[in-house]
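8 protein chains.
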Amino acid sequence: MDAREVLEKLVSGEIDIDQAERLLRLDYVERIGNHTVFDMGRECRSGIPEVVYASGKEPEKVGEIVERVVNKKDIIVVSRASAEYYDEVVRRIGGEGVAFKPEARMIIVDRRGCSGESLGKIGILTAGTSDIPVAEEAAAIAEVMGCSVIKGYDVGIAGIHRLLEPLKKMIKEDVACVVVVAGMEGALPSVVAGMVGVPVIGVPTSIGYGLGAGGIGALTTMLQSCVPGLVVVNIDNGFNAGATAALIAKMRRTR
Amino acid sequence: MDAREVLEKLVSGEIDIDQAERLLRLDYVERIGNHTVFDMGRECRSGIPEVVYASGKEPEKVGEIVERVVNKKDIIVVSRASAEYYDEVVRRIGGEGVAFKPEARMIIVDRRGCSGESLGKIGILTAGTSDIPVAEEAAAIAEVMGCSVIKGYDVGIAGIHRLLEPLKKMIKEDVACVVVVAGMEGALPSVVAGMVGVPVIGVPTSIGYGLGAGGIGALTTMLQSCVPGLVVVNIDNGFNAGATAALIAKMRRTR
Amino acid sequence: MDAREVLEKLVSGEIDIDQAERLLRLDYVERIGNHTVFDMGRECRSGIPEVVYASGKEPEKVGEIVERVVNKKDIIVVSRASAEYYDEVVRRIGGEGVAFKPEARMIIVDRRGCSGESLGKIGILTAGTSDIPVAEEAAAIAEVMGCSVIKGYDVGIAGIHRLLEPLKKMIKEDVACVVVVAGMEGALPSVVAGMVGVPVIGVPTSIGYGLGAGGIGALTTMLQSCVPGLVVVNIDNGFNAGATAALIAKMRRTR
Amino acid sequence: MDAREVLEKLVSGEIDIDQAERLLRLDYVERIGNHTVFDMGRECRSGIPEVVYASGKEPEKVGEIVERVVNKKDIIVVSRASAEYYDEVVRRIGGEGVAFKPEARMIIVDRRGCSGESLGKIGILTAGTSDIPVAEEAAAIAEVMGCSVIKGYDVGIAGIHRLLEPLKKMIKEDVACVVVVAGMEGALPSVVAGMVGVPVIGVPTSIGYGLGAGGIGALTTMLQSCVPGLVVVNIDNGFNAGATAALIAKMRRTR
Amino acid sequence: MDAREVLEKLVSGEIDIDQAERLLRLDYVERIGNHTVFDMGRECRSGIPEVVYASGKEPEKVGEIVERVVNKKDIIVVSRASAEYYDEVVRRIGGEGVAFKPEARMIIVDRRGCSGESLGKIGILTAGTSDIPVAEEAAAIAEVMGCSVIKGYDVGIAGIHRLLEPLKKMIKEDVACVVVVAGMEGALPSVVAGMVGVPVIGVPTSIGYGLGAGGIGALTTMLQSCVPGLVVVNIDNGFNAGATAALIAKMRRTR
Amino acid sequence: MDAREVLEKLVSGEIDIDQAERLLRLDYVERIGNHTVFDMGRECRSGIPEVVYASGKEPEKVGEIVERVVNKKDIIVVSRASAEYYDEVVRRIGGEGVAFKPEARMIIVDRRGCSGESLGKIGILTAGTSDIPVAEEAAAIAEVMGCSVIKGYDVGIAGIHRLLEPLKKMIKEDVACVVVVAGMEGALPSVVAGMVGVPVIGVPTSIGYGLGAGGIGALTTMLQSCVPGLVVVNIDNGFNAGATAALIAKMRRTR
Amino acid sequence: MDAREVLEKLVSGEIDIDQAERLLRLDYVERIGNHTVFDMGRECRSGIPEVVYASGKEPEKVGEIVERVVNKKDIIVVSRASAEYYDEVVRRIGGEGVAFKPEARMIIVDRRGCSGESLGKIGILTAGTSDIPVAEEAAAIAEVMGCSVIKGYDVGIAGIHRLLEPLKKMIKEDVACVVVVAGMEGALPSVVAGMVGVPVIGVPTSIGYGLGAGGIGALTTMLQSCVPGLVVVNIDNGFNAGATAALIAKMRRTR
Amino acid sequence: MDAREVLEKLVSGEIDIDQAERLLRLDYVERIGNHTVFDMGRECRSGIPEVVYASGKEPEKVGEIVERVVNKKDIIVVSRASAEYYDEVVRRIGGEGVAFKPEARMIIVDRRGCSGESLGKIGILTAGTSDIPVAEEAAAIAEVMGCSVIKGYDVGIAGIHRLLEPLKKMIKEDVACVVVVAGMEGALPSVVAGMVGVPVIGVPTSIGYGLGAGGIGALTTMLQSCVPGLVVVNIDNGFNAGATAALIAKMRRTR
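Protein chains in written order, with our numbering: chain A, 1 to 255; chain B, 256 to 510; chain C, 511 to 765; chain D, 766 to 1020; chain E, 1021 to 1275; chain F, 1276 to 1530; chain G, 1531 to 1785; chain H, 1786 to 2040.
Just so you know, nobody snuck in bad clues.
Heads up, simulated DSS-like pairs for lysine-lysine below, C-alpha to C-alpha not over 30 Å straight-line:
#	chain 1	residue 1	chain 2	residue 2
1	G	Lys1681	G	Lys1651
2	B	Lys406	C	Lys582
3	C	Lys678	E	Lys1093
4	E	Lys1081	C	Lys661
5	H	Lys1936	H	Lys1954
6	F	Lys1444	F	Lys1396
7	F	Lys1444	D	Lys837
Derived from the structure by calculation, the hints contain no laboratory data.
Generate the whole structure from the sequences, applying the supplied hints.
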C-alpha cells in the first residue's frame, strides 16, 4: 500500500490518523528495503573484503559466521584471530584458499581463484619493535586488496638514520602512500610526512605509559602535527590504515 | 675538522676527551647542516605550498613574514586570516596574484604565472551550515594545489536523502577522495565511507556541547567508526584535509 | 543502466573492471536516491517538527532557511533564538502563526490552522532557578507537539518538601512522563524516579563548577543512578527531552 | 515529643537551646519515619521488580538477600548472575518460579502465579554480536514486566539493509519504544531514531578501543545526536533500558 | 483515601488495577507531603542560614527572592554578590541588619536582634594573595554562624616560615578547625594537617594553569594527601568550608 | 659553623662565594634538623596512630616495618592487610595487643595498656553492600582513636525509609559527625547532610561503571553538592574519613 | 615552656592531658619557628630571585608588594606584567635599577650594584613565532641569574634545516643546557635532545587546538619522549625553565 | 643524480615534471642518508648508553637485539628486565661484563674495560617504600654513566624530619642534582626544591588511587609547583631522571 492509497483511505474514513501515520512510516521504510537488496554486497561498495572481528567472540561463533558468509563472498578476513580460530574455520569450510598470518593475527579466506595484477605499492614503517603486530595487520589487508608492501620496521625517531634506508627504497619504488605505526610520543609520522610527497597515514599504538598512556599521547601528537599530508586512524587500527592505503594506491590504477 | 682529525688529535694529546666529544658532536650536526641547504624548499618535499597560520599573530607580523618569503616561493597561503591581514599583505607586496577568500578565511599569494592543468577531482561535504568555513578552507587549499572541488553542504545525517544528490554527482565525476566535515555526533563520514569506493577524510568540527563538546565527540565517533577507508584529521583542520585530499588526487596523475 | 546491463557490458568487453565497478556503485546510490523522494517529510517520520538551531548562525541565515522551508512544512521551530531572529523571520514571512517564546529562546512557526486535540500530559521540574530556560525549551516543544505541561520550578533537593506539591499534582493529573532539569550534583531526577511510576527524562544543565563543571557532574550522576526508569539527554538539551516526552505521551493516544 | 512541647520546655527553661535544637531535628526525622512505613514497597512506586545486583557479591550473600526478600516480594530479579548464583538461590528457596537466563546473565524469581496479559510491545536492536548480552538483559527485564519483545541483532550500521527487515517488523507490530544497543561509534540509535516515530533508548556498550574506549565514544555519540526522540542510559545498562521501555509500553495500557 | 480504602475498592470492582496503582502512589507521596510541613525550616535542620547564590541571576531576581524569604528567616546570605545586588536588596527590604562584605562577595541579612555568644574559634589560611576572596567567603559565613576567625593569608609553602606565626596563634587560641585555601599545586593543607591536631578543611582554588588548570591540580593533591585529618570541598567553595568549620567548632559548645 | 662565621670567612677571603653559599645552605638545613628531633612523634602532632599501608608491599616488608616501629609507638595500624600480613606481624612481635579486623582489612597493634575513656560518638552509613569494607576501615580507625561507632549499612537512596531508622538513632545518641560511604551516583551524603545538624564526611567508593566509573561519579556528585556541611575524602579512603571523624568527635572532649 | 616542663606539669596535675597535648604541639611548632628566622632569605636557599606573579593582581597590589620587599632583597622579578605595572613600580620605588622587558612580560628590579661575571651559557629555541613570549621569559630570568643566552626562534620541526644553524652555534659555544619551547605537537625537544649532549628542558606552550588543546598535546609528547636527557616544566612556564637552566649552567662554575 | 642533472633532463625533455619531482625528493633524502653514516653512534650524540626496553618483548627477542648490538656498543642497558632476560642474554653473549640489578629491573652490559673516573655526584630520594624500584632504576643508569649516588629512601613528607638527614649529607657532598621520586600527592619534590640550591628532577610514580590515580596526581602537583628549579619526567620514568641527572653532574667535569 503506497502513500496515495493511505491518504485516500484516510479521507474516506477507513482508517484514522494514527493508523495512517503508521502506514506511511511503514511504507517509507519498506521502500528503502525493497530497493536495497544488494546484488554485489560490500566489496562493491567500498572495495574492501568482508571482515569478522574475532576478539571477544568464541571460535565457534566466528567459524559459524565464516561458514554462513563463505558462499556469498570471495574474500573474508578474520582479524585479531589466533590459531584456535584458524583451526575452527578450516574444520568447517576446509583449508582451500584459507591462510593464517600469525604476526598479523589474521585469517584470510580467499577463493577468487586468481590473485590478479598488483594494485600498486605502499610503504609501512614502525617506530619500535612492539608496533610490528599492528603494522603486519595493515600489511596483510593491503596485500589481500592487491597491494605490494615495502616494510621498514623499528626505525623510530631516536635514530633518524635508521629511517633513511627504507624511506629511500619507498620513494624509488614510488609508493602511493606510507603507513607509519608508532606508540609513545608518536612523532615519527610527522617526520616522515615532512620528507615524502605522498599521503601518510599515522597509526598510534597503545604502547606508552604515564600521561598519555594507552596510545592517547601518540594519537594526540599525530593530530596536532603541523605537517600537512598526515591523516590518522584510531589507536591500534592497523586494519583501517592498510585498507585506506590500498584504496589510495588504487587511484593510480583507476584513471 | 672531521672525525678522523679529531681522533688523531685526541691520541696525540692535543685535545682531551671532553673537547674531542664536543668536536665530534659539532661535526655530526655540521654534516647534516652542510648537506641540507635545500634548493627547492618545501613545495618539493611535500607538494604543499608554504603556509602562514595567522591566528594569534598581528597583521604586521604576518605581512612581514609574507614579504620575506615571497621572493623564494611561488605560492604562499595565509590561513585563518581576515580582511585586515589581506590589506596588510597587499600594502607590502602589491595585489598582483593575491586573493582573499573570506569564507575560507584564507589569503592566497600565487605568482606561478599559469594555473596549470587540473590535478584531479575531490568531493567536499558538510553535515551542517556551521561546518562550512572549515569545508571552504579545505576547498581553497585543494584548489590552490590544482584540484577541482565538487561541494555538497548541509547534507547532514538527519535527512539522508539530502546527501544522495551530491554523492551521485561525486561518483559520476569520479572523485579521488571525499572530505566530510561534521560536528556534533560526527556520524556522516561513516555513512559516506560506507557508500563510496574511495578514501574518505573526516574532519570533526568544534560544533557541539555537553559531553564531547568542542569537537571531541565528533572526533571520537570518526575514530571509532567500523567502516574502513575513513581516516581523520584534527578538529577544524580543514587545511590538512584539503591538502591530503589533493595529494591523493595527484596519485591519478603521477603514474 | 542497472547492474545486469553493467555486467553484460563487462563480459562483452565494452567496459573494463574499473568502469564496471564505478557504474555499479553509482547504480547502488542512485537506486536509494530514486526511491527516497519523500512525500511527507520529517514530521511523518519522527513526529517532530522541522528544527533550525539558531545559535552560531546569523539572523539573516536563519531567516533565509525559514523562508525556504515554510511552504513545505506546517510547523517550524527555531531554537536558541533571540528577538533579533524573530524580527528577521517576521520580516520575511509575515507574523501570521509566528510566535516568540523568550524564556524558551524559541520561535515557533505554526500554520496548521487548527491546534488540534491535546496529545497528553507531561510534567517538567527544575532543581534551581538557573535551570528554567532549559525547562522552558522542553515545555515549548512539547506544547507545539500537542502536550499539556505541568510545571514545578526551583524544587531542588535541598528542600525535598518543595518538591512534593508539584509532584502530587503531576500524579493526580496522570502525566505520562516527567522531565527533570538539574545542574550541580544533578540528584533530583533520581529522587523523582524513585517516587513516580512513569519514565523520567533527566536533563543535566551546565550549572556547576570545579570537578564536574559544565554539567558533566550532573550528567554523570544521572547516568550512574541506581533507580530504573531514568533516562538521560545531553547537557542543556531541553529540546530533545521535551520532544521525547511528547512522543511518550502520544503512546496513550495511539493504541 | 512534638515541636510545640520542645519549644514550651525551652521557654520554661527545662532544656537549653542546644537540647531543643537536637530534639527538633529528631522530631523532624521521626515524623518522616513514622509515616513512611510503606505497605506496598517498591513495585508500587516505580512499577519495577526488586533487583539484586550480583556482580561483586558472593553467591551466598546474594542467596541470603533473595531468601530474606522472597516472602515480601512477588518478583525478584538477580542481575549479572552466573549459574553458580542460580544454584545457590534454588538451594535456599527451591526452584518453583525460579528461572535462569544465561544470555541475559539474570535470575528471575516470579511467584505471581499468573503471568497476566501482555503489557505491550517493544523492539530491541543491536549493532554487533558482542552487544547481545546487554540486549538480552534489557529483553529479560521487559518480559518480566509484561512486555513482548521483537528482537533484531547484529544489524549494525555498516550494512544498513540488514536493519530494515527487523525495523519493518517493529513498525508493523506497532512497538511503543525501540531499545538500540551499540558499542564502537554508537551511530545506530541515531539512524533508528530518524526512521521510527516512537521513543528510542540508546544503550552504549563497552565495546571499542582507543580514543573513546570502554563505551565513552558510543555514549558521546548518542548524547550528541541531532535526532530528537533519542534518550540514553549508562554504558552496558541494559537493565535500565529494558525497564524504562516497559514503562513506556505501559502508557498504552493505562489511559 | 488511604491504602486500605484503595484496596477495598479494587476488590469490589469500583476501580481497576491501573487506577488502584496510581491512587496508591499518590497516597504514598501525599503522606510524605502532609507530614513535612516544616515549622522551623532549614536553619534547624542543618544549622546553616538560608543561602541565595547570586552568580548567574539578575539583581532583581535575587532581590525578589530575599524579599520573599525575609519574613520567614532570621538570617539570609547572598553569595557571589556585587554592590549592585546589595543596592537592590536594600531598595526592597531596607538597610536594617543588612551588610555587604565586598572581599567575600557576600550580602548578609541578619535580623536576629542579638549576635549571641561566640560559638568557637576557627583558623583560615591562604597559600597566596589570589586565594583571599575564597577565604573571605569562608570567614564571612563562619562569623555569621557565630565563630571567631583567626586569619593568616599569603603564607604559601615556598616560604614555610611565613606559615609558622599564624599557625602558632591558631594553636594558642585553640581553634577547632583550620580551613586552608590554596591553588596551584595545593600542597599547603597537607603541611598544615601534619602540624595541627584538629581537622583541616582544604579548599582548592581555580588558580593554576597547564596540566591541572582550573583547580583540578590542587583538588587532586589534597585528595591524594597521605596525611589523615584533611578533608576537602569543591574548588572555590569557601562557603561550604566556612560552614562546615563552624559546625565543627559548634561541637565544643554542644556537649 | 653558623651564618656569621661563614660571612666573616668570606670577607676575610678564606672561602669564596660558592663555598660560602653552600655552607649557608647547609647551616639552614642543619638548624631545622637539630631542632626537630621530635620527642613525641606523630601521635602528638596529629592525634592519629602510626599507619603502615600494606597494599603493594610484601608481608615480610610490612612485618619488618612494624617490628622497627613497635618500641617507639603505642599504636600502629596496618591498613589494606590480609591474614597473611597478620601472621607475619605476630611471628615477629608476638600476639599481645595485636588484633586483625578482616572486614576492615586492618591489623591493629595497641600496647597502651588501657583503652581509656570513650572519646565521643560518630555514625557511619553505607549506601550499598559493596561499600561495607570501606566503612569498616573507617570504623576500625575511629574505634582505635577512642570513638564509639553507630553503624547503618545498605541504606542507599533507592529506599529512603531504610535510612531513617539508623539516622534517628544517630541523632538520639548525639553523634558528632556522620561518615557516609557511597559509590555509583553517590547521592546519599547530600541527603544525610540535609537532615542532620553535624558535619558529614562523604567517602566515594570505586563502585560504578560507564561514565564516572571507578568512583569518579560519586566523588563528583559529593563535591558538587549544594548542601553545606558536607566535606569529602578521596575514593575508598575510609581510613582518612574515620580518622577525621574521630578528630571532630574529640572536639567535644577538649574544651 | 619546653616539652620537659610540660610533662612535669602534667605529672604534678597542674595541667590535664588535653592541655599538655596542646602545649606540646605548640612547642613543636614554636621550635621550628624560632630557628627559621632566615637571615639570607630565598636567594640563598635556591639561588633564584624573589618573584611576584602579576597576573590576576591589581598593579597597586603588585607595587605594594615590591615596595615592601625591595629593602630586603637585591633582586625582585615581576612576571606576567605589562607597562602599567612597570609604571606603578617606578612610581613607588623610583626607576633606578628597574627594567621592563615587554616581550618577556617581566619587570626586573636589580640593585646589586654590579652585574658580576657571567655564570655560564644556555641555549633557547622555539618551534614557532607564537612561542617567543614564553622563551623570552625564560631568557630574562636566566640573564638576571647571570647567564648568557643564545637564541634560535621559529626553527620548528617542519623545516629541520632551520634548526641546524642555531644548534651548531650552541654546541660551539658549549652551552650547559638547551631550553626548547614548543606548542602544537611539541616534537622539537625530542629532536634536539637526540642531537646535543646536554640536558634539554622542554616547555610546552598553550598553542594548539582540538584533541590535546591548550598545550596538553605538547606536554604529553614531551613526557612520552623516548629520548633520554629531556625533562619538562608545566605549560607556558618559561620562568621555571629559565631558572632551572641557569642552575644547571651554574654547575660549571661551582666545582 | 643531483638536482642540477635532474633539472637539465627536465628542460631537455628526457623526463617529465612528475619524474623530476620524484627524483628531486629522492635526492633530498639520499643526501641526508649519505652523510649520516654515523661513526660514533648514539653514545657520542647524547652521552647515554644504548637502551633496550624489555617490557612487552620476549626474552629471546631482547637477547637477539643485545647480541646484534654488542659488538658495536661498549655499553648496553636492558631496562624493565627480570632474571629470565638476564639468563637469555648471558646464554647468548657470555657473562663477562654483564650484571643484573634486580631492584632496578635492569641488565647492564659494560665492556669498556675500565670504569673510569667518577663523573660527579647526585642525590636520589623517595617519598615511600613503593617508590624504590623507580629510584633504583635512576641510580643504576646514573652509575653506569659514571656518577656516585647518595640515596635517601622513604623520607616522605608526613615526617619531614626523616628528610633532613639525607638532605644534609647531599648538600655536604655537594651533589649536582637531586632526583626525587614520589607517588600519591607528589609534594616532596617541591619541598626539596625549596631547600637545595641545585636542580631537582621530580619523578611521579604510579602509586595512588581515586582522583589522580596512576600517578597523574603526583605529576600534576609537580608541574603546578611554584618552586623554581623543579623539572619533571614522565610517570615511573626513573631511567630518564637518572640519565639527565648524570648529564647535569657531567657539567662540573666539562668546562
